[in-house]
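Novice: Chains A and B supply the protein sequences, listed in that same order. Those letters in the first sequence? Residues 1 to 257, by this note's numbering. Those letters in the second sequence? Residues 1001 to 1517, by this note's numbering.
Since the hints were derived computationally from the structure, they do not count as laboratory data. Some hints here could point you the wrong way.
Okay, derived cross-link-like pairs now, DMTMM-like style, lysine to aspartate or glutamate, Cα gap no bigger than 20 Å in a straight line [stated by the list, open to error]: (1) B:Lys1121 <-> B:Glu1158; (2) A:Lys129 <-> A:Glu187; (3) B:Lys1325 <-> A:Glu187; (4) A:Lys188 <-> B:Asp1095; (5) B:Lys1063 <-> B:Glu1115; (6) B:Lys1121 <-> B:Asp1095.
If you want the ones that stay clear, here's a sample from chain A, every Cβ over 10 Å from chain B, calculated [as the list claims (entries may be wrong)]: (7) Gly74; (8) Ala164; (9) Gly223.
Where is the CB? At the ideal position from N, CA and C, for every residue including glycine.
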Amino acid sequence: MLQVLLSRWQQGYRTMAWPDGEAVVPDRLRGRPALRPEICQNGCDRCRGVCPTGAVLGTGGDLAIDLGRCLFCGECQIVCPAGAIAFTNEFRLAVSRREDLIVRGGNAPYRLAEPVSAPVLDLFHRSCKIRQVSAGGCNACEADINVLGTLAFDLGRFGLQVVASPRHADAVAVTGPVPHQMRLALEKTVAATPTPRVVIAVGSCAIAGGPFAGHPQVNDGAGKVAPVDLFIPGCPPHPLTILDGLLRLIGRMPAGR
Amino acid sequence: MIGAHLINGGTLAVNEIPVLGIDGFRGWVCEAVSAGATLAALFGHPLPAGAGDGAGAGAGAGKVRLVAVLTWPLDGCLEVLAADAGDTYRALTPDCPSAHWFEREIAEQWGIRPEGHPWLKPIRYHPSWRPGRDAWGRPAGGEILPCVTDFYRVEGEEVHEVAVGPVHAGVIEPGHFRFQCHGETVFHLEIALGYQHRGVEPALAGGPGPRTMALMETLAGDTTVGHGLAYAQLVEGLAGCRVPARAMAIRAVGLELERLANHVGDLGALANDVGFLPTASYCGRLRGDFLNLSALLCGSRFGRGLVRPGGVAFDLEPARVDSLKARLVPIVADVGNAVNLLWTASSVMARFEETGTVDRATAVQLGLVGPAARASGFERDVRMEFPTGFYRFQQVPVASLPGGDVFARAYVRWLEVQRSEAFIAQALAGLPPGPVRAELPGPLAPDRFAVSLTEGWRGEICHVAQTDAAGKFAWYKVVDPSFHNWMGLAMSLRDQPISDFPLCNKSFNLSYCGHDL
Chain A
1 MLQVLLSRWQ QGYRTMAWPD GEAVVPDRLR GRPALRPEIC QNGCDRCRGV CPTGAVLGTG
61 GDLAIDLGRC LFCGECQIVC PAGAIAFTNE FRLAVSRRED LIVRGGNAPY RLAEPVSAPV
121 LDLFHRSCKI RQVSAGGCNA CEADINVLGT LAFDLGRFGL QVVASPRHAD AVAVTGPVPH
181 QMRLALEKTV AATPTPRVVI AVGSCAIAGG PFAGHPQVND GAGKVAPVDL FIPGCPPHPL
241 TILDGLLRLI GRMPAGR
Chain B
1001 MIGAHLINGG TLAVNEIPVL GIDGFRGWVC EAVSAGATLA ALFGHPLPAG AGDGAGAGAG
1061 AGKVRLVAVL TWPLDGCLEV LAADAGDTYR ALTPDCPSAH WFEREIAEQW GIRPEGHPWL
1121 KPIRYHPSWR PGRDAWGRPA GGEILPCVTD FYRVEGEEVH EVAVGPVHAG VIEPGHFRFQ
1181 CHGETVFHLE IALGYQHRGV EPALAGGPGP RTMALMETLA GDTTVGHGLA YAQLVEGLAG
1241 CRVPARAMAI RAVGLELERL ANHVGDLGAL ANDVGFLPTA SYCGRLRGDF LNLSALLCGS
1301 RFGRGLVRPG GVAFDLEPAR VDSLKARLVP IVADVGNAVN LLWTASSVMA RFEETGTVDR
1361 ATAVQLGLVG PAARASGFER DVRMEFPTGF YRFQQVPVAS LPGGDVFARA YVRWLEVQRS
1421 EAFIAQALAG LPPGPVRAEL PGPLAPDRFA VSLTEGWRGE ICHVAQTDAA GKFAWYKVVD
1481 PSFHNWMGLA MSLRDQPISD FPLCNKSFNL SYCGHDL
């Protein structure tokens, strides 16, 4: 017993200061890309040649990256001779609409996720329970959702909790490209979640199929099963990216963050 | 040995592989495994039209060749042999139980029936890859529902069945478990998988291409470096690429960080499953700290983007090496502090000891790999037996315990945690100078066969591939460690209370997607 108490003292207080304080992200984290279409050597097309998922939508003045498909591998940045693509370590990426995941150059704003509509927000603002369903997820998105429950992130301090039963849930967080083999189970889990409910697509697989997009064995994401209310891109998204999206969804993000 | 020899990461010309008659093939694989070899892979691949016996144009069309990859730990070499199968052959499994899951896969993928297989059911529930040939005579084009099969049933008074999944209570991948119980006691557990089938192997044929590395890094997302490294080694062998020493060292650091994160996470999860919250809580945080060290290397907590054919995509400048070393010290201290609470807590030890025992004979027969094998006294570790890259210069002692119970699987992880920490500290102290990546000298050599093994945190990862005349993958075979180990979990539940299932399951912590591919 004494040893347990001593270890409690040694382990210290570890919950991060964010979102009230600053977030600590790795300097090499590949987050939201910054694009400079004006210097893109239109026609070189190397970025599109190396992209595993066809996420680079256009070149030259139309240079754009679809973060829904992007795996954040950074290969396009490496091959770009002009330096028109640079992944920054901006981790705030979650959006409410699929089309908002398309990053363009210049001063085009990136519209981060908005809270759920007013009557639902009243219900979810102080307590939102999440049922996670892995449908072909590779266990990376799952791990970075799980880590939110640890004392480092302490999901519970925001009224958020991952629950076992869909009957107890307000939100269904889907990971993976939704293989045909998992489609029925996912449909049943969503249907078992009482309304009003939200569906969250975590990771590029759940948004657009990820590296499995177009495989005949998968459905290319959660959107084929249910309308998605929150898109959290990444392969996998950094836990802060996921938490940022969840806090925006339930209107708990401090002003200015 | 009858088959062709090669070393880990080596290649052979396709025509160097002896193609035996199916009886000779069967006989030698069974004999070799009983003589101490292990079965790293046993699978079928389609023969191109014109190949195979008969040699006339079109003779090979629709035919399947069986390939066995055997590992000989004492010789440090691999042996490859092949045979052309008809639509049926005499199953190896009755004489070589470690072939059991491989033969079910062969039956499902190619519609070939291993006659006499004691447990011939699908493993992933997808249609045959050879249209019109189905091992169970199911109609072509008919719907195949996942995990709808003839489950093993125990009949009798007060015997009852518990079915769990595919959607489980936690944040975990899907699978289906059927328990045959008498009261609390589990007579038998049958595990049915396939929900995670994403079609990775068929998609790899025709590569390498822009998507290949991404598919490798997501085969099993918690084993990104393990699978990425197995693929990189294989491609480097086929391209004749020499990897710089500094890249080898950084790869090994990445692989050991992956092991540390997962082992520490597992120790925390085991503590959680017996309600011992201090260690559960601390290890959850510490696991993340190791993931953050991987992110320090390459920006991704799972090591994505680190390993690339020819080396690694990120160098470690001196300040980053210092930062890595400095951050490792307090994490190592905190891990020791958190984990050592387990071994002195009688409430933990009472649950860990003599729970879910898999004896050595069973582990050897099933061909278990990784910590699960080593915890049953079956000492096998690719890093020691078939070392590649940096492991040829710096060894990791193999951690092993004889008990085979949950305690042994936990304690082997703890031993491995300490050895990986020491390994990383030593590697960082003597990081070789020079470049971190070499360009592949050219396209892959045509018509060659390659095998690559790595020791992922769950155990032996085996990638096998063959190039066609154009130097593209004719086919690509992946064997995740979980493929060998799921039956080990089923065996650990025999005569256990069903309430110990979560604990036994966590002590194996196997991959669903790595199995389902």
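Novice: Give a verdict on every hint.
Specialist: Going through the hints against the structure:
no., hint, in the structure
1, B:Lys1121 <-> B:Glu1158, "violated (27 Å)"
2, A:Lys129 <-> A:Glu187, "holds (18 Å)"
3, B:Lys1325 <-> A:Glu187, "violated (47 Å)"
4, A:Lys188 <-> B:Asp1095, "violated (43 Å)"
5, B:Lys1063 <-> B:Glu1115, "holds (18 Å)"
6, B:Lys1121 <-> B:Asp1095, "holds (18 Å)"
7, Gly74, "violated (6 Å)"
8, Ala164, "violated (4 Å)"
9, Gly223, "holds (17 Å)"
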